[in-house]
Amino acid sequence: MSAPAAPVNDLDRSSLREVLIGSERPSRAGRTAASLAFAWRALLKIKHVPDQLSDAIIFPIMFTLLFTYLFGGAVSGSPADYLQYFLPGVVVLAVALTSMYTGITLNQDMAKGTFDRFRSLPVWRPSVLVGSMLGDVVRYAVASAVPVLLGLLLGFRPEGGLVGVLLALLFLQLFTFSLAWVWTLFGVMMRTPTAVQGATFPLQFILVFGSNILVDPSTMPSWLEPVVSANPVSHAATVVRGLMHGSATPGELVSGFAACAVLILLFAPPTMYFYNRKQR
Amino acid sequence: MTSDSGPAIEAVDLVKGFGSRRAVDGLNMNVPRGVVYGLLGPNGAGKTTTVRLLSTLARPDSGTARVLGHDVVAEADSVRSRVSLTGQSTTVDEELTGRENLVLAALLRGFRRGAARRRADQLVEAFDLADAADRLLRTYSGGEKRRIDIAASIVTTPDLLFLDEPTTGLDPRSRSQVWDIVRAMVEAGTTVLLTTQNLEEADRLAHFIALIDGGRVVAKGTPAEIKEAAGEATLRLGLRDPLRREDAEALLARHFGVDSTWDPGTGRLSVPISEPDRAALAITELSRAGVEVSEFTADQPSLDEAFLAMTGHRTTTVGSEEEEALR
Numbered sequence: 001m002s003a004p005a006a007p008v009n010d011l012d013r014s015s016l017r018e019v020l021i022g023s024e025r026p027s028r029a030g031r032t033a034a035s036l037a038f039a040w041r042a043l044l045k046i047k048h049v050p051d052q053l054s055d056a057i058i059f060p061i062m063f064t065l066l067f068t069y070l071f072g073g074a075v076s077g078s079p080a081d082y083l084q085y086f087l088p089g090v091v092v093l094a095v096a097l098t099s100m101y102t103g104i105t106l107n108q109d110m111a112k113g114t115f116d117r118f119r120s121l122p123v124w125r126p127s128v129l130v131g132s133m134l135g136d137v138v139r140y141a142v143a144s145a146v147p148v149l150l151g152l153l154l155g156f157r158p159e160g161g162l163v164g165v166l167l168a169l170l171f172l173q174l175f176t177f178s179l180a181w182v183w184t185l186f187g188v189m190m191r192t193p194t195a196v197q198g199a200t201f202p203l204q205f206i207l208v209f210g211s212n213i214l215v216d217p218s219t220m221p222s223w224l225e226p227v228v229s230a231n232p233v234s235h236a237a238t239v240v241r242g243l244m245h246g247s248a249t250p251g252e253l254v255s256g257f258a259a260c261a262v263l264i265l266l267f268a269p270p271t272m273y274f275y276n277r278k279q280r
Numbered sequence: 001m002t003s004d005s006g007p008a009i010e011a012v013d014l015v016k017g018f019g020s021r022r023a024v025d026g027l028n029m030n031v032p033r034g035v036v037y038g039l040l041g042p043n044g045a046g047k048t049t050t051v052r053l054l055s056t057l058a059r060p061d062s063g064t065a066r067v068l069g070h071d072v073v074a075e076a077d078s079v080r081s082r083v084s085l086t087g088q089s090t091t092v093d094e095e096l097t098g099r100e101n102l103v104l105a106a107l108l109r110g111f112r113r114g115a116a117r118r119r120a121d122q123l124v125e126a127f128d129l130a131d132a133a134d135r136l137l138r139t140y141s142g143g144e145k146r147r148i149d150i151a152a153s154i155v156t157t158p159d160l161l162f163l164d165e166p167t168t169g170l171d172p173r174s175r176s177q178v179w180d181i182v183r184a185m186v187e188a189g190t191t192v193l194l195t196t197q198n199l200e201e202a203d204r205l206a207h208f209i210a211l212i213d214g215g216r217v218v219a220k221g222t223p224a225e226i227k228e229a230a231g232e233a234t235l236r237l238g239l240r241d242p243l244r245r246e247d248a249e250a251l252l253a254r255h256f257g258v259d260s261t262w263d264p265g266t267g268r269l270s271v272p273i274s275e276p277d278r279a280a281l282a283i284t285e286l287s288r289a290g291v292e293v294s295e296f297t298a299d300q301p302s303l304d305e306a307f308l309a310m311t312g313h314r315t316t317t318v319g320s321e322e323e324e325a326l327r
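Same order as they appear, the protein sequences are chains S and P. Letter 117 of the first sequence, counting from 1, is numbered 117 in the numbering used here, and no numbers are missing. Letter 219 of the second sequence, counting from 1, is numbered 219 in the numbering used here, and no numbers are missing.
These are computed hints drawn from the structure, not numbers from a lab. Some clues are possibly wrong.
[Said to hold, decoys possible] Quick list of in silico lysine to aspartate or glutamate cross-link-like pairs, DMTMM-like style, CA-CA up to 20 Å:
no. : chain 1 : residue 1 : chain 2 : residue 2
1   : S       : 45        : S       : 55
2   : S       : 112       : P       : 75
3   : S       : 47        : P       : 95
4   : P       : 145       : S       : 109
5   : S       : 47        : P       : 134
[Stated by the list, open to error] Some chain S residues close to chain P (C-beta under 10 Å, calculated; not the full set):
no. : residue
6   : 11
7   : 24
8   : 25
9   : 26
10  : 45
11  : 48
12  : 112
13  : 114
14  : 116
15  : 119
16  : 120
17  : 157
18  : 215
Quick caveat: nothing in here was measured; it's all calculated off a predicted structure. For every residue, glycine included, the Cβ atom is placed at its ideal position computed from N, Cα and C.
Between the sequences and the hints, there should be enough to build the whole structure, so can you do that?
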């Protein structure tokens, strides 16, 4: 329960005064410094509360095993063949699902007094958001490394080699950072973390499963195919697949980066708008 | 540094509403530099909202406020770099250690990493938190948490510190530690705006007090003026032998320099006292003179009585302002 009552001592007035008068006043923290400070905070939280990483480990394992063995035979003839197609997709799936927590944590944070302090500081406003999203890089790295390693064990053979896989993971970091702005928008707009979860879950479901992650869109009905192909998650999955197998075309890469740009342009400005308005 | 003269805070007709209710309703105040200014009022009086407006966390619906010479809306960033806020709810991170919280606060105030660590070490020492510094904050006692909270707001010594009910819920020892910190801040040249519900706290710490109620300042003055208006503390005595009344009256008059009054209804003598510790002395002297005291009480006027005396009405508590302010 609560901590044992600590002995309460009288404070030493002269050392108090010294600490107050002797303080330097550095010039204000720059944008990068402030963002990095907030990123450090996010990393410390992962360090002190490591269970928030467990989702990033368990879900990717579940999805990889589930889809490979349950659907693999039906979709591609054999689990081994399906793995070649599906594994790059499950990496995207795992990371996309993890990115939702960015919005939920943000919302939890905003409900606390902590954010009041941050907002009363003379730092670049978006640094709070950017910093915590930078801290999420660790979470995303874990969530994407797990299915890759598991896939290699199960027989996934990326034709792009190590370089291809690393490039794919790097691109995925960028994509997830872009996608996370969608969830942060919900995070700043809604009242409670539960409401955020309730609102983002269906959307996430549609984005992730209504994509080319699991199956080739050319097998879909003609009305659905263009919808699925327009999904930014599909573009990202195509790039990740292409990089891992060494077959990415310039056109695919351009679409992939364009999808990231569109997500940021569409969702970052309203997020900042609501974030700034929240304090008024 | 610009405009180092002039008041620390100048608020004119500030208004801030939440929905249909006006939490701050035409508030005027003028806080000189280098003092502790007490904002005294009951729950829901508008204290927290006032602090949020002045610390740029909320934007007034109308009216203006200048803090250290800067407009809180137009020059919010200039205000932010020179003030600090310790809010009513904890503003430090529960999932970090105390030391990490201080390092983070220092980094955000522009310290480089090494300097931030050294600054955190200094603060930990001065605030008597060496034993707790490397534990997660959620294991802290209320007093420790409050001290870390204040330490985090004075990483760079602010020109103006907002302390929103800094001692609510603290035990007496922890409270006196917070008082020590406030006094040291003022000695270091910081102006402190302190909100409190506690008349004694305002009396002990503040150079000036504003009574706030229904979102506006209803009275202001020095603690002495406020207390005088509120009525001084009163010592009431019952005598074992009523026939010794005149002896007792004479002695009390000598001791306190004012006449006591006799209430035939209760059979008690009452005398106003400005220094409560002299009451005990008076009782001792009475018994030394052979006048036995059968019972006595000494009461400070309460916040409610102060309100009644200064404004002619009791405090009008409305719904929880803090809740709404957080929306």
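For each hint, the structure was consulted:
Proposed proximity of residue 45/S and residue 55/S is supported: the alpha carbons are some 15 Å apart, at most 20 Å. About 25 Å separates the Cα atoms of residue 112/S and residue 75/P, which puts this hinted pair outside 20 Å; it is violated. Restraint check: the Cα-Cα separation between residue 47/S and residue 95/P comes to about 10 Å, which is no more than 20 Å; the hinted pair holds. With a C-alpha separation of about 18 Å, the suggested pair residue 145/P and residue 109/S falls inside the 20 Å cut-off, and the hint holds.
Between residue 47/S and residue 134/P the alpha-carbon distance is near 14 Å, which keeps this suggested pair within the 20 Å criterion. Proximity of residue 11/S to chain P holds as hinted, the smallest CB-CB distance being about 5 Å (cut-off 10 Å). A hinted interface residue such as residue 24/S counts as satisfied when its beta carbon comes closer than 10 Å to some beta carbon of chain P; here the least separation is about 7 Å, so the hint holds. Residue-level restraint check for residue 25/S holds (minimum Cβ-Cβ distance to chain P is 5 Å; threshold 10 Å).
Checking residue 26/S against chain P: minimum C-beta separation of about 4 Å stays under 10 Å; hint holds. The beta carbon of residue 45/S is positioned within 10 Å of a beta carbon in chain P (closest approach about 5 Å), and the interface hint is therefore held. Because the closest C-beta pair between residue 48/S and chain P is about 5 Å apart, less than 10 Å, the hint holds. A least Cβ separation of about 7 Å between residue 112/S and chain P falls short of the 10 Å threshold, and the interface hint therefore holds.
The closest approach between the C-beta of residue 114/S and any C-beta of chain P is roughly 6 Å, which is under the 10 Å cut-off, so the hint is satisfied. Evaluation of the residue 116/S hint against chain P yields a held restraint, the C-beta minimum of about 5 Å falling below 10 Å. The beta carbon of residue 119/S comes within 6 Å of a beta carbon in chain P, closer than 10 Å, and the hint placing it at the interface holds. Look at residue 120/S: its Cβ gets to within about 5 Å of chain P, closer than 10 Å, so that hint holds up.
With a least beta-carbon distance of about 41 Å to chain P, the hint placing residue 157/S at the interface is violated under the 10 Å criterion. A cut of 10 Å between beta carbons decides the hint on residue 215/S: the least distance to chain P is about 41 Å, and the hint is violated.
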